[in-house]
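Based on the provided sequences and hints, a complete structural model is requested.
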Amino acid sequence: MKTTGTTIKLGIVWLVLSVFTVMIIVVFGQVRFHHTTGYSAVFTHVSGLRA
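Basically the working numbering = 1-based index in the sequence shown + 31.
Misleading hints may appear alongside valid ones.
[As the list claims (entries may be wrong)] So the derived label-pair ranges between C-beta atoms look like this:
id, residue 1, residue 2, range
1, 46, 71, 40 to 46 Å
2, 71, 41, 45 to 51 Å
3, 75, 52, 44 to 50 Å
4, 80, 58, 33 to 39 Å
5, 47, 78, 53 to 59 Å
6, 56, 34, 28 to 34 Å
7, 62, 35, 33 to 39 Å
8, 38, 70, 49 to 55 Å
9, 34, 61, 40 to 46 Å
Derived by calculation from the structure, the hints in this document are not laboratory data.
Cβ atoms here follow ideal geometry from the backbone N, Cα and C, with glycine treated the same way.
What follows is the structure, given as structure tokens:
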């Protein structure tokens, strides 16, 4: 009986740590689960731009 209780507790800890690991990867990896549109532009003349 004691082994089963320990196994269940370790399984819960493993599950919680796995969820936190996935959350950290999603946040720091900037994973996006929806479609994004990227834009870019090339300006040939930029009057008034200071270096």
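A quick look at each hint next to the structure:
| no. | hint | verdict |
| --- | --- | --- |
| 1 | 46 with 71: 40 to 46 Å | holds (42 Å) |
| 2 | 71 with 41: 45 to 51 Å | holds (50 Å) |
| 3 | 75 with 52: 44 to 50 Å | holds (47 Å) |
| 4 | 80 with 58: 33 to 39 Å | holds (35 Å) |
| 5 | 47 with 78: 53 to 59 Å | holds (58 Å) |
| 6 | 56 with 34: 28 to 34 Å | holds (32 Å) |
| 7 | 62 with 35: 33 to 39 Å | holds (37 Å) |
| 8 | 38 with 70: 49 to 55 Å | holds (52 Å) |
| 9 | 34 with 61: 40 to 46 Å | holds (42 Å) |
When each numbered hint is compared with the structure, no violation occurs for any of them.
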